[in-house]
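For the record, the sequence lines run as chains A and B. Residue numbers for the first sequence follow our numbering, so the first one is -6 and each next one is one higher. Residue numbers for the second sequence follow our numbering, so the first one is 74 and each next one is one higher.
It is worth saying that the hints were derived from the structure and are not from the lab. Warning: the hint list may mix true and false statements.
Computed cross-link-like contacts, SDA-like style, restricted to lysine to any residue with a CA-CA straight-line distance of at most 20 Å [to be verified]:
1) B/K256 / A/A146
2) A/K18 / B/E251
3) B/K110 / B/N222
4) A/K4 / B/H214
5) A/K133 / A/A146
6) A/K16 / B/L146
7) A/K16 / B/E251
8) B/K221 / A/K133
9) B/K256 / A/D37
10) A/K18 / B/N222
These are the residues of each chain, in order.
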Amino acid sequence: MIQFKETSLAKVKEIIARYPSGKQKSALLPVLHLAQVEFGGWLDVPVMDYVAGLLQLEPIEVYEVASFYSMFNLKPVGKHLFEVCQTGPCMLNGSDDIIDYIKQKLNINVGETTSDGLFTLKTVECLGACGYAPMMQYGKTYKEHLTKAKVDAIIEECRAKNN
Amino acid sequence: MGRKLLLEKAHIEGIRHYDVYRKEGGYSSVEKALKMKPEEIVEEVKKSGLRGRGGAGFPTGMKWSFLAKPEGLPRYVVCNADESEPGTFKDRYLMEFIPHLLIEGMIVSSYALGSNNSYIYIRGEYDWITDILEEAIKEAHQNGWLGKNIHGSGFDCNIYVQRGAGAYICGEETALLESLEGKRGNPRIKPPFPAVKGLWGCPTVVNNVETLAAVVPIINNGGEAYAQIGVGKSTGTKLISACGNINKPGVYEIDMTISVEEFIYSEEYCGGIPNGKKLKACIPGGSSVPILPANLLLTTAKGEKRLMNYESLSDGGFATGSMMGSGGFIVLDEDQCIVRHTYTLARFYRHESCGQCSPCREGTGWMEKILLNIEKGKGKMSDIDLLWDIQRKIEGNTICPLGDAAAWPVAAAIRHFRDEFEWHVNNPEKCLTENYGLKHYADPIHVPA
Chain A
-6 MIQFKETSLA
4 KVKEIIARYP
14 SGKQKSALLP
24 VLHLAQVEFG
34 GWLDVPVMDY
44 VAGLLQLEPI
54 EVYEVASFYS
64 MFNLKPVGKH
74 LFEVCQTGPC
84 MLNGSDDIID
94 YIKQKLNINV
104 GETTSDGLFT
114 LKTVECLGAC
124 GYAPMMQYGK
134 TYKEHLTKAK
144 VDAIIEECRA
154 KNN
Chain B
74 MGRKLLLEKA
84 HIEGIRHYDV
94 YRKEGGYSSV
104 EKALKMKPEE
114 IVEEVKKSGL
124 RGRGGAGFPT
134 GMKWSFLAKP
144 EGLPRYVVCN
154 ADESEPGTFK
164 DRYLMEFIPH
174 LLIEGMIVSS
184 YALGSNNSYI
194 YIRGEYDWIT
204 DILEEAIKEA
214 HQNGWLGKNI
224 HGSGFDCNIY
234 VQRGAGAYIC
244 GEETALLESL
254 EGKRGNPRIK
264 PPFPAVKGLW
274 GCPTVVNNVE
284 TLAAVVPIIN
294 NGGEAYAQIG
304 VGKSTGTKLI
314 SACGNINKPG
324 VYEIDMTISV
334 EEFIYSEEYC
344 GGIPNGKKLK
354 ACIPGGSSVP
364 ILPANLLLTT
374 AKGEKRLMNY
384 ESLSDGGFAT
394 GSMMGSGGFI
404 VLDEDQCIVR
414 HTYTLARFYR
424 HESCGQCSPC
434 REGTGWMEKI
444 LLNIEKGKGK
454 MSDIDLLWDI
464 QRKIEGNTIC
474 PLGDAAAWPV
484 AAAIRHFRDE
494 FEWHVNNPEK
504 CLTENYGLKH
514 YADPIHVPA
């Protein structure tokens, strides 16, 4: 059965209390973020149904929101998700080369996951790090001023975490 | 050296934390504001001439004065921290390094506008900054600047941070409100404006991070003192985030009197272009505003030096000028391809179109595909006119300004760099391995009717 752990349920309560009573739908984005972290990095339909029940919403209200925002993954992703920016300012600083390098290094295309389930590569549009380009989002933070050597180090670090 | 009002103390060690921030004079504007009447604060903001720093440049005091005050309905202040305009990363910098400045500005603004519960809507990717803001809010609570009866004033105020989830459109204020209500970020038809019917149907003011932070020096020093900095209707200071092909990318606070040339080439700011390359073009105010070739960037059509302020950057309209926009300053050197660069922006807008209005939903996809064709040497001469035609049919024909934002970069690229597009069509193989470079880049040519 899908169920948030106690601390997350307490967090959900705290989030709902930020809004006037009856406006708990406002908690949807924050709660989906929580759910994605807790339930394996993506939002499966039963997870979304669970969130709908928690917030007293129709499931469709959750699906239509989850499918609108690019940070919500509707398909499984690898343990380590690389989201590389490719918009103008990053392109000017060589993001295309970085994307090609990661593709070659992990032997996957954009949107794919390595066969060991460790890495997923996505391209994204501007993440607001234009002065520190090229960059990617990894976990909670950004990896900036990317070079091939830096990419190597990040991948090593991820692999080490897994051993 | 320009005067700094917002970032002056951003590099003091520990300024992110309350004790240091307070020791450096933090929260004095709240002390002052709580002794004033809310209307007096609105009046000071009006006097300051502060204009919205998110991109539109609308006078903040006027926006505040439109806020409806019907009996029995709460009012809301919402901070737009959904910074997503390509080239823009100034709000991130402010929130990351001096978060209490935003919290302080929001408390004063909330008091002025009568908002007991205010929200910061931050882009979802700024996850670690959300933590920083929440920590600052916690500290403000502990020290009595938030919560019930702030410092005995009788005014209650809470601030909450809400993360978005990756949607450029949520930077548009009505889409932001939809998102804050837990819905898809589809912009609303205006009127009614948020000032009358905003968050949960209540009167709401939505302001950018930098705008709300600027309220702090305005209240500390008075609106008139703020208005004396800068020039004309460009009062106070502006944060510029500079990126692209420059030696010193980063966030700079300027008092809008310096020239564009000084901003790009002086050591104090961008430090010139790497490897001795020449300047080809620049988008001075975030990806949506028109790109300008070097000559028109540095000098207006009248032959005057162009300055880094609202009036000068827009001098000449879209024919020969651009806009201050969000202050996202993107520099392109001589090796950059205008077609390729425009393509990445068109792809961005296609990706970020919410899909509500056909001209934007369909048009952005068409523009992206046509631009990619031209870039790959598969374009036809008629494609250039087709692009022009599509952007014209998007502009002004959508519910929200994303349509215009998608149309303008394409229009400006063709307006000023049509020869480069034609060269791609005429040299389908060469364009895959070579760049057009600087030829004719200075001429505003072939403006289609």
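Results for each hint:
no. : hint            : verdict
1   : B/K256 / A/A146 : 39 Å, violated
2   : A/K18 / B/E251  : 11 Å, holds
3   : B/K110 / B/N222 : 16 Å, holds
4   : A/K4 / B/H214   : 19 Å, holds
5   : A/K133 / A/A146 : 18 Å, holds
6   : A/K16 / B/L146  : 15 Å, holds
7   : A/K16 / B/E251  : 12 Å, holds
8   : B/K221 / A/K133 : 33 Å, violated
9   : B/K256 / A/D37  : 19 Å, holds
10  : A/K18 / B/N222  : 29 Å, violated
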